[in-house]
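Undergrad: Top line first, the protein sequences correspond to chains X and D.
At the far end of the first sequence sits residue 362, using the numbering used here, and the numbering has no gaps.
At the far end of the second sequence sits residue 372, using the numbering used here, and the numbering has no gaps.
None of these hints come from the bench; they were simulated from the model.
The structure presented is a predicted model; accordingly, all values stated were derived computationally and were not measured.
C-beta atoms are modelled at their ideal positions from N, C-alpha and C, and glycine is treated no differently.
Check the hints yourself; a few may be wrong.
If you want a taste of the chain D side facing chain X, the calculated C-beta under 10 Å gives, among others [unchecked claim]:
#: 1; residue: R115
#: 2; residue: S175
#: 3; residue: K186
#: 4; residue: H196
#: 5; residue: E341
The calculated lysine to aspartate or glutamate pairs, modelled on EDC-like cross-linking and capped at a C-alpha distance of 20 Å, are [what the hints assert, rightly or not]:
#: 6; chain 1: D; residue 1: K173; chain 2: X; residue 2: E323
#: 7; chain 1: D; residue 1: K300; chain 2: D; residue 2: D323
#: 8; chain 1: D; residue 1: K371; chain 2: D; residue 2: D240
#: 9; chain 1: D; residue 1: K342; chain 2: X; residue 2: D335
#: 10; chain 1: X; residue 1: K258; chain 2: X; residue 2: D296
#: 11; chain 1: D; residue 1: K171; chain 2: X; residue 2: E323
#: 12; chain 1: D; residue 1: K171; chain 2: X; residue 2: D194
#: 13; chain 1: D; residue 1: K371; chain 2: X; residue 2: D126
#: 14; chain 1: X; residue 1: K333; chain 2: X; residue 2: D353
#: 15; chain 1: D; residue 1: K186; chain 2: X; residue 2: D296
#: 16; chain 1: D; residue 1: K342; chain 2: X; residue 2: D348
#: 17; chain 1: D; residue 1: K173; chain 2: X; residue 2: E304
#: 18; chain 1: X; residue 1: K287; chain 2: D; residue 2: E341
#: 19; chain 1: X; residue 1: K21; chain 2: X; residue 2: E31
#: 20; chain 1: D; residue 1: K371; chain 2: X; residue 2: D166
#: 21; chain 1: D; residue 1: K173; chain 2: X; residue 2: E196
#: 22; chain 1: D; residue 1: K186; chain 2: X; residue 2: E323
#: 23; chain 1: D; residue 1: K300; chain 2: X; residue 2: E311
#: 24; chain 1: D; residue 1: K171; chain 2: X; residue 2: D166
#: 25; chain 1: X; residue 1: K333; chain 2: D; residue 2: D206
#: 26; chain 1: X; residue 1: K333; chain 2: D; residue 2: E223
#: 27; chain 1: X; residue 1: K273; chain 2: X; residue 2: E248
#: 28; chain 1: D; residue 1: K171; chain 2: X; residue 2: E237
#: 29; chain 1: D; residue 1: K171; chain 2: X; residue 2: D335
#: 30; chain 1: D; residue 1: K342; chain 2: X; residue 2: E220
#: 31; chain 1: D; residue 1: K342; chain 2: X; residue 2: E304
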Amino acid sequence: MSRVDAKHLWKIYQGSIEAVKDANFQVANGELVAILGPSGCGKSSTLRMIAGLEEISKGELLFDEKIVNHLSPRERNVALAFETYALYSPLTIHENLAFPLQVIGTDKIGIDKKVKQIAELFDLTDVLRKKPGNLSGGQQQRVSLARALIRNPNVTLLDEPLSHMDQRVRVVLRATIRHIHNQLNLTTLYVTHDQEEAISLADRIIVMDKGIIQQIGTVEVLWNHPVNQFVAGFLGEPAMNFVPGRMENSQEISIITKEGKFALRIKKGIENKYIGSEVTLGIRPGKITPHLTKKDRLVPSWLEVIEPLGESKILTLKLNGAEFKVITSNDIKADPGQAIWLEFDSEDIHIFDKETGNNLIP
Amino acid sequence: MAEVRVENLTKRYGKHMAVNNISFQCQEGEFFSILGPSGAGKTTTLELLAGIKKPDAGEIYLGHRLVNDLPPQERDVAMAFENYSLYPHLSVYENIAFPLRSPSRRERISSEEERRRVKEMATILGIEDLIDRRPQHLSGGQRQRVSLARALIRIPQVYLLDEPISHVDAKLKVSLRTTLKVLAHKLGVTVIYVTHDYREALGLSDRIMILRRGVREQIGTPEEVYFSPSSDFVGRLIGDPPINLVDGEIFKEAGKTFFKAQDDFLFSIREDLVGLVEKVMWKENDRPKVRLGIRPQHIKLSKEVISDNSLHFPVYAVEQRADSSIVTFELNDTFLITQIEKSSFAASEKYWLEVDQDHLHFFKKTFALSKN
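Assemble the whole structure, with the sequences as input and the hints as a guide.
TA: What follows is the structure, given as structure tokens:
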């Protein structure tokens, strides 16, 4: 398995459309890295450049410190799997799995051994004689992944392989992908628009927007120290709440509502130059405790609806006229229109620049 | 606004029973969801209510009117379809305004009033910038919101909404769900809402009816269907990560009742639960068996043994979520998924796990389990 280095990668279509702008990142040997972002952010273009399916407009791509820009996909020895499985329907599962090995001229004994191994790993032993049409979607995706991995690729590239699977199959296949990644010590890049998927699977996540890498980090880093409002808002469902506020001093921010001015403490001090300026306060829905009675340092809001979700519920509130969400497992009973008093966890208050969206206490 | 009452509704397509003798009553102003996998009969039920299809048997009452023989336009219902069904030659504006211009409407509204209402609805659904476009220039999610706006533009006796936000992307879906709930509450309208997504059903509804192959499986509030699923099928349909289902043998030893799925998956069942087990047990090879249901949030994990009822397994895989960890274990016939507070668990190390007996479910077996 290889280490991947992307140095100043650009993808420019038709001479002017910049799909990927100056991407710099590394994937260590044995690491699983997700590229996460909304549609059109450049994540698939990045993957396709690494696969060799798309020419690199500018920059260098290295596998184990060797430049591979001009190598074909086969020469790069990458494994690829997509949302669609692209299995050969007239062939059995065994034949499908054997195909990449036949292409490189492996002998029959070698093929049978490899097929047996990979089938065991992917729980496909019982279906080797079947044809793809007789398998469930989840099994077909297993075959597709197994086929991609049978050649001991240098790098495994997965583009939204689970995006249309149903929830249970997805959870189980994610566990399988993670398990096999570890077992075979793969180097994997996984493209997804689904933040939950990226969080569940990846050692590190590359967050992209508008062709630009916004931040690279572990879930903990992205979750607790997002560099800007985009990253903060993209991870987490429902998304982080954003409310206008004003820095009163280096450790206090106030929110002004119709009901008055409410001061909140923040964990880290902010640079002096921001004192007195208008900023955006961010707080995650799970970091707010709702109360039915007024107390000091609680911010008032008005209940719109409660959505039960089993173990927890989502409260949608109006805070100073804007929508605000709280997730709680408390047994709170209230009617629409009722006042709810919110306790903000000062550990989780983020402050963003009102203009640039940059995190001011990263 | 009207209540909806359905009695013994049946619809066949050839030999296939799409809707099989379903009865339910949905109160005036209630948000009532129909939840089920594809092929459960959800859409057919809605089409029967709308009058697009005719039932083979049974009665449909809207308010106090028996509407079986009324054509759709006389039923005073508004329907949004999953496949949009927009008029391709009309702009988004004209599509949304269409129901306001229908010749069957008694009173006509002024064009200013029409413009105001179309704009208001388009704004609520976040498509106000698209109103001059044609449907073919919209994404699936945008078309779906146009279709929803067209359904919601006038206030009928009943709204019938068929997967109205299924094609919208994940982020927007959460906010549209809220929008719909707020809107339904403000208007006080009766809504029948078809979905395959349990989150939508739980989040939106006053009550939920779960359908399975044309048959009613359970009706209840979101709390009832989540905490007291009436079958393994309902349990599996609702919740994420999904509920664990494990089949095992029941036997008694030294005055205790045990559940055993495999040699190393064996624990004693609390005495007060044994009655529940006995109600649903079946015999296989002359041995009593039961299907155990336990949600991933209700399994404890520890490095040390928890009690003499703990099980010892190697971790198959660990997934992180934003504020929890999903730890999976491999059993002979299935994966056991657990969701715990965020912590570092190493794959292939062995851990002790124990099910929370306050949250055990026991079911009859109504479908075969598989690893996939």
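Undergrad: Decide, hint by hint, whether the structure agrees.
TA: For each hint, the structure was consulted:
1. R115: Constraint on R115 of chain D not satisfied, violated at 25 Å.
2. S175: With a closest approach of 8 Å, the S175 of chain D hint holds.
3. K186: Nearest chain X Cβ about 9 Å off; hint holds.
4. H196: Interface hint status for H196 of chain D: holds (9 Å vs cutoff 10 Å).
5. E341: Hint on E341 of chain D: violated, closest Cβ of chain X at ~12 Å, above 10 Å.
6. D:K173 / X:E323: holds (15 Å)
7. D:K300 / D:D323: holds (16 Å)
8. D:K371 / D:D240: Holds, at about 17 Å.
9. D:K342 / X:D335: Measuring from Cα to Cα gives roughly 33 Å; hence the hint is violated.
10. X:K258 / X:D296: Distance of about 17 Å is within 20 Å: holds.
11. D:K171 / X:E323: Judged against 20 Å, a Cα distance of about 15 Å means the pair holds.
12. D:K171 / X:D194: holds (9 Å)
13. D:K371 / X:D126: holds (12 Å)
14. X:K333 / X:D353: With a Cα-Cα distance of about 36 Å, the restraint between K333 of chain X and D353 of chain X is violated, given a limit of 20 Å.
15. D:K186 / X:D296: violated (32 Å)
16. D:K342 / X:D348: holds (16 Å)
17. D:K173 / X:E304: holds (17 Å)
18. X:K287 / D:E341: holds (15 Å)
19. X:K21 / X:E31: Roughly 24 Å separates the two Cα atoms, so the pair is violated.
20. D:K371 / X:D166: Satisfied, since the Cα-Cα distance of roughly 14 Å is no more than 20 Å.
21. D:K173 / X:E196: holds (15 Å)
22. D:K186 / X:E323: With a Cα-Cα distance of about 16 Å, the restraint between K186 of chain D and E323 of chain X holds, given a limit of 20 Å.
23. D:K300 / X:E311: holds (16 Å)
24. D:K171 / X:D166: holds (18 Å)
25. X:K333 / D:D206: Within the cut-off at roughly 14 Å; holds.
26. X:K333 / D:E223: holds (13 Å)
27. X:K273 / X:E248: holds (12 Å)
28. D:K171 / X:E237: At roughly 7 Å apart (the allowed maximum being 20 Å), E237 of chain X and K171 of chain D satisfy the hint.
29. D:K171 / X:D335: violated (26 Å)
30. D:K342 / X:E220: Holds, at roughly 10 Å.
31. D:K342 / X:E304: violated (31 Å)
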